Amino acid sequence: RKEVEQDPGPFNVPEGATVAFNCTYSNSASQSFFWYRQDCRKEPKLLMSVYSSGNEDGRFTAQLNRASQYISLLIRDSKLSDSATYLCVVNSMGNTDKLIFGTGTRLQVFP
Amino acid sequence: GAGVSQSPRYKVAKRGQDVALRCDPISGHVSLFWYQQALGQGPEFLTYFQNEAQLDKSGLPSDRFFAERPEGSVSTLKIQRTQQEDSAVYLCASSGHPNFSSYNEQFFGPGTRLTVL
Chain A
2 RKEVEQDPGP FNVPEGATVA FNCTYSNSAS QSFFWYRQDC RKEPKLLMSV
52 YSSGNEDGRF TAQLNRASQY ISLLIRDSKL SDSATYLCVV NSMGNTDKLI
102 FGTGTRLQVF P
Chain B
38 GAGVSQSPRY KVAKRGQDVA LRCDPISGHV SLFWYQQALG QGPEFLTYFQ
88 NEAQLDKSGL PSDRFFAERP EGSVSTLKIQ RTQQEDSAVY LCASSGHPNF
138 SSYNEQFFGP GTRLTVL
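First to last, the protein sequences are chains A and B.
Under our numbering, residues 2 to 112 are what the first sequence spells out, in order.
Under our numbering, residues 38 to 154 are what the second sequence spells out, in order.
No lab work stands behind these hints: they were computed from the structure.
All values derive from a computational prediction rather than experimental measurement.
We put the CB at the ideal spot given by N, CA and C, even for glycine.
No incorrect hints appear here.
Straight line, CA to CA, 35 Å or less: simulated DSBU-like cross-link-like pairs of lysine-lysine:
#	chain 1	residue 1	chain 2	residue 2
1	B	115	A	46
2	A	3	B	51
3	B	48	A	43
4	A	43	B	115
5	B	94	A	3
6	A	43	B	51
7	A	3	A	43
8	A	46	B	94
9	A	3	B	48
10	A	46	B	48
11	B	51	A	46
12	B	115	A	3
13	B	94	A	43
Far from chain B by the CB rule (all over 10 Å, computed), these chain A residues:
#	residue
14	2
15	16
16	70
17	81
Produce the entire structure from the sequences given, and follow the hints as far as they go.
Now the structure itself:
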């Protein structure tokens with residue numbers, strides 16, 4: 002079983018739609034959580050960090066449920082430019098600070 | 038400003054060849070990571086340097102993979118006797134000094150796309 006699991010999609014949604022992505026992680030010692038965005042043939046870029054209290058950045062809302070080991074990302078009013086792969090990422094910190102990535106969920110927004 | 042750079046951007050190797058992939062991190066960044074991203078998958082951790090010290094190499098898939106960062110800046114990932122399963126994008130990332138109370142964002146380079154024929 003992968004340490005971070007997410008639905009690979011693709012999610013095909015019209016412009017203006019609201020779409021939600023979920024992921025689960027298996028290591029309860031994980032300390033930091035993120036959503037990264039990766040455009041086709043580009044490097045991953047940090048979209049937002051995820052906190053238990055929930056956090057919002059414009060049209061994007063991220064939520065963490067530590068008890069269920071579950072992370073979510075909500076995108077409201079989807080734009081064509083939101084089309085990308087969204088990677089759920091966990092960081093266990095400690096000596097290494099390495100990132101553990103999910104497979105990614107592909108989003109395609111159509112006109 | 039200058040971000041993380043990697044070279045070459047594309048590399049085609051015949052099976053059995055040795056390859057060397059270079060990463061130039063953001064100036065002053067102490068931490069450097071290598072990840073491997075296979076087609077349709079998320080990046081997977083290979084190895085981590087803090088300055089010139091390789092503190093974690095637990096993700097290297099075999100002893101054909103070797104990484105170094107002799108002067109604490111530029112890093113090279115070397116793959117010996119390449120196999121077809123080594124075909125992937127190799128991503129380098131750098132970040133500031135590790136801080137155990139908060140996360141230092143990792144900035145990724147564009148990657149090297151390796152194809153082994």
